[in-house]
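Trainee: Okay, here's what each chain looks like letter by letter:
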Amino acid sequence: MSPDATLVPRLLQKDVSAFEQLYDRHSRLVYGLVLRILQQASISEEVVQEVFLQLWRNADQYDPSRGPFVPWLCTMARNRALDRLRLKSERQRRREDQPDELPSAVVAPEYEKVLDDKRRAERVRALMASLSPQQKKAIELAYFEGLSHSEIAAALEEPLGTVKSWIRNGLLRLKEGLQATS
Amino acid sequence: MKNCDQFRERTEAYALGALDPEERVALEVHLASGCPECTKAVEEARWLISQLAYTAPEAAPSDMLKGRLLQTVRAEAQSQAKPHALPSKSAIPFWLLAGVAALVVFSIYSAWNTRRLHDEIREANNRAADLVQQRQKIEQELLLAKREATILMDPGSVNIALKGSDAQGPQLKAKWHSEWGVVVMGENIPMPSPHHVLQLWFIPKAPGKMPMPSMMVRPDANGRFVLLVSSPPESMDATKALAISEEPEGGSPWPTNPPRYSGGVS
Numbered sequence: 121m122s123p124d125a126t127l128v129p130r131l132l133q134k135d136v137s138a139f140e141q142l143y144d145r146h147s148r149l150v151y152g153l154v155l156r157i158l159q160q161a162s163i164s165e166e167v168v169q170e171v172f173l174q175l176w177r178n179a180d181q182y183d184p185s186r187g188p189f190v191p192w193l194c195t196m197a198r199n200r201a202l203d204r205l206r207l208k209s210e211r212q213r214r215r216e217d218q219p220d221e222l223p224s225a226v227v228a229p230e231y232e233k234v235l236d237d238k239r240r241a242e243r244v245r246a247l248m249a250s251l252s253p254q255q256k257k258a259i260e261l262a263y264f265e266g267l268s269h270s271e272i273a274a275a276l277e278e279p280l281g282t283v284k285s286w287i288r289n290g291l292l293r294l295k296e297g298l299q300a301t302s
Numbered sequence: 716m717k718n719c720d721q722f723r724e725r726t727e728a729y730a731l732g733a734l735d736p737e738e739r740v741a742l743e744v745h746l747a748s749g750c751p752e753c754t755k756a757v758e759e760a761r762w763l764i765s766q767l768a769y770t771a772p773e774a775a776p777s778d779m780l781k782g783r784l785l786q787t788v789r790a791e792a793q794s795q796a797k798p799h800a801l802p803s804k805s806a807i808p809f810w811l812l813a814g815v816a817a818l819v820v821f822s823i824y825s826a827w828n829t830r831r832l833h834d835e836i837r838e839a840n841n842r843a844a845d846l847v848q849q850r851q852k853i854e855q856e857l858l859l860a861k862r863e864a865t866i867l868m869d870p871g872s873v874n875i876a877l878k879g880s881d882a883q884g885p886q887l888k889a890k891w892h893s894e895w896g897v898v899v900m901g902e903n904i905p906m907p908s909p910h911h912v913l914q915l916w917f918i919p920k921a922p923g924k925m926p927m928p929s930m931m932v933r934p935d936a937n938g939r940f941v942l943l944v945s946s947p948p949e950s951m952d953a954t955k956a957l958a959i960s961e962e963p964e965g966g967s968p969w970p971t972n973p974p975r976y977s978g979g980v981s
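Chains as they are written, first to last, in the numbering used here: chain A, 121 to 302; chain B, 716 to 981.
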């Protein structure tokens, strides 16, 4: 059992020590992700604060039996950061109440192994680096900037079908790579 | 299944948030229909997409952020813990309630008793102060009486007779001791006019020098008075005579009426 699986339930008893340990374990990853999306340190810290407070106040929303903690936390952080980005750029595509939504279940596939953050980061970065520049660019525009297929096609001035293929094929290759290295 | 294949192709893009609205809504409708395979595919796709977080450069937030967060969560943890800290009413044993009640009663009695003792001490202090004041007054009167007796009894005192302006009226007697002062006494002395007093004057020998004002007195109901001047304004040698005139209440710096009584200092 990972340390997170024992720490998160302690949040339900309002265990500040458990919260601090979770923060120390994952704040760098969460902050790095949010900063990559928002590009501004002060706003990023605000969002990270919101994320961890949401974790503290709604820890019961996380079900350890449904999947690992970090993907759930990163999904929540990304959603919040993209919502802030959309507010910032006045590109509201989603409902106004979405910022308060917690992520749905994030289930690890069977091929997933428990790796530490450092090895996991090395593996994912290596796989992303193996993609074609177009695939990588399209996926990054979708993941870090929250753009849709159509918006990416417009931004890259490429046909919509081509962009869809880049993203789909790139994600499948990433998935296969993760399966192969597990 | 063909329908599912169509959606299954889009699960990664859906988890990525890249589907355009029409495709996204169509997939969500399909998921809402309860397709377990597609639901699982979407959940696993979310995990795959979450792995992209590791491609972001890792960065450390400021220590202040951690401080703020811990301050907030500690406050929230304490606020939620407080209601449980107090025991329920039924959990308090009777003997403890009785003890607390007795303590409260004792505290009230102690406070009342302390207040009462405080008041008594204050009254005793006031009484002691009055007694001290009375004693000082008596001592002062005794001292004056001694001085008065010394002046009257000492053979060195000079007798002075102050005759009245009315030859038939009473006379005043005075004795002047060079060291202890002057005592002036009178009997059957008519009362001065309302709002007036009798004032003693020392008439200097020096020509042209104004009479020196001294003490004031009102005779008692029997027309008696004794006036002691411990520090005469002039020495006996420099004084020609003593005089008493009727002056406004409070005295006067110079005579405003002719003397009712006067006598030379021999």
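In short, the hints are calculated from the structure, not lab data.
Backbone N, C-alpha and C fix where the C-beta goes; we use that ideal spot for every residue, glycine too.
Please note that a few of the clues may not be correct.
Computed cross-link-like contacts, DSS-like style, restricted to lysine-lysine with a CA-CA straight-line distance of at most 27 Å [what the hints assert, rightly or not]: (1) K295/A <-> K257/A; (2) K781/B <-> K755/B; (3) K920/B <-> K878/B; (4) K256/A <-> K295/A; (5) K852/B <-> K920/B; (6) K295/A <-> K920/B; (7) K238/A <-> K888/B; (8) K256/A <-> K755/B; (9) K781/B <-> K134/A; (10) K238/A <-> K257/A; (11) K888/B <-> K878/B; (12) K920/B <-> K955/B.
FRET-style restraints, in silico, Cβ to Cβ [unchecked claim]: (13) C719/B <-> D237/A: 45 to 51 Å; (14) N289/A <-> S748/B: 26 to 32 Å; (15) P751/B <-> A161/A: 38 to 44 Å; (16) A161/A <-> L785/B: 41 to 47 Å; (17) L811/B <-> E140/A: 36 to 42 Å; (18) D778/B <-> D135/A: 17 to 23 Å; (19) R245/A <-> L785/B: 41 to 47 Å; (20) E752/B <-> E140/A: 37 to 43 Å; (21) Q159/A <-> A790/B: 19 to 25 Å; (22) A161/A <-> A790/B: 43 to 49 Å; (23) R177/A <-> A816/B: 19 to 25 Å; (24) S748/B <-> L132/A: 30 to 36 Å.
A short, non-exhaustive set of chain B residues, derived as facing chain A with CB atoms under 10 Å [to be verified]: (25) R725; (26) E738; (27) V740; (28) A768; (29) A771; (30) Q795; (31) E964.
Trainee: Would you mind marking each hint as holding or not holding in the structure?
Mentor: Now for the hints, and whether the structure bears them out:
1. K295/A <-> K257/A: holds, 17 Å
2. K781/B <-> K755/B: violated, 36 Å
3. K920/B <-> K878/B: holds, 19 Å
4. K256/A <-> K295/A: Since the Cα atoms of K256/A and K295/A sit roughly 14 Å apart, the hinted pair holds (cutoff 27 Å).
5. K852/B <-> K920/B: Distance ~36 Å between K852/B and K920/B Cα, so the pair is violated.
6. K295/A <-> K920/B: violated, 136 Å
7. K238/A <-> K888/B: Violated, at roughly 124 Å.
8. K256/A <-> K755/B: Answer holds: K256/A to K755/B is near 25 Å, not above 27 Å.
9. K781/B <-> K134/A: holds, 17 Å
10. K238/A <-> K257/A: holds, 23 Å
11. K888/B <-> K878/B: Given that 27 Å is the threshold and the Cα spacing comes to 9 Å, the pair holds.
12. K920/B <-> K955/B: This hinted pair holds, its Cα atoms lying about 5 Å apart.
13. C719/B <-> D237/A: 45 to 51 Å: violated, 35 Å
14. N289/A <-> S748/B: 26 to 32 Å: holds, 28 Å
15. P751/B <-> A161/A: 38 to 44 Å: Hint holds: Cβ distance 43 Å, inside 38 to 44 Å.
16. A161/A <-> L785/B: 41 to 47 Å: Given range 41 to 47 Å: violated, Cβ gap about 20 Å.
17. L811/B <-> E140/A: 36 to 42 Å: holds, 38 Å
18. D778/B <-> D135/A: 17 to 23 Å: holds, 22 Å
19. R245/A <-> L785/B: 41 to 47 Å: Violated, since R245/A and L785/B (Cβ atoms, about 31 Å apart) do not stay within the stated range.
20. E752/B <-> E140/A: 37 to 43 Å: holds, 40 Å
21. Q159/A <-> A790/B: 19 to 25 Å: With Cβ atoms ~31 Å apart, the hint is violated.
22. A161/A <-> A790/B: 43 to 49 Å: This hint is violated: roughly 25 Å between Cβ atoms.
23. R177/A <-> A816/B: 19 to 25 Å: At 42 Å between Cβs, range violated.
24. S748/B <-> L132/A: 30 to 36 Å: Because 33 Å falls inside the window, the suggested range holds.
25. R725: Result: holds, 8 Å to nearest chain A Cβ.
26. E738: It holds, given that the least Cβ distance between E738/B and chain A is near 8 Å, below 10 Å.
27. V740: Since chain A brings no Cβ nearer than about 12 Å to V740/B, farther than 10 Å, the hint is violated.
28. A768: Since chain A brings a Cβ to about 4 Å from A768/B, closer than 10 Å, the hint holds.
29. A771: Given a least distance of 4 Å, the restraint on A771/B holds.
30. Q795: The hint holds - Q795/B has a Cβ within 10 Å of chain A, the shortest such distance being about 6 Å.
31. E964: At 86 Å from the nearest chain A Cβ, E964/B fails the 10 Å test, so the hint is violated.
Checked against the numbered hints above, the structure breaks hints 2, 5, 6, 7, 13, 16, 19, 21, 22, 23, 27 and 31 and satisfies the rest.
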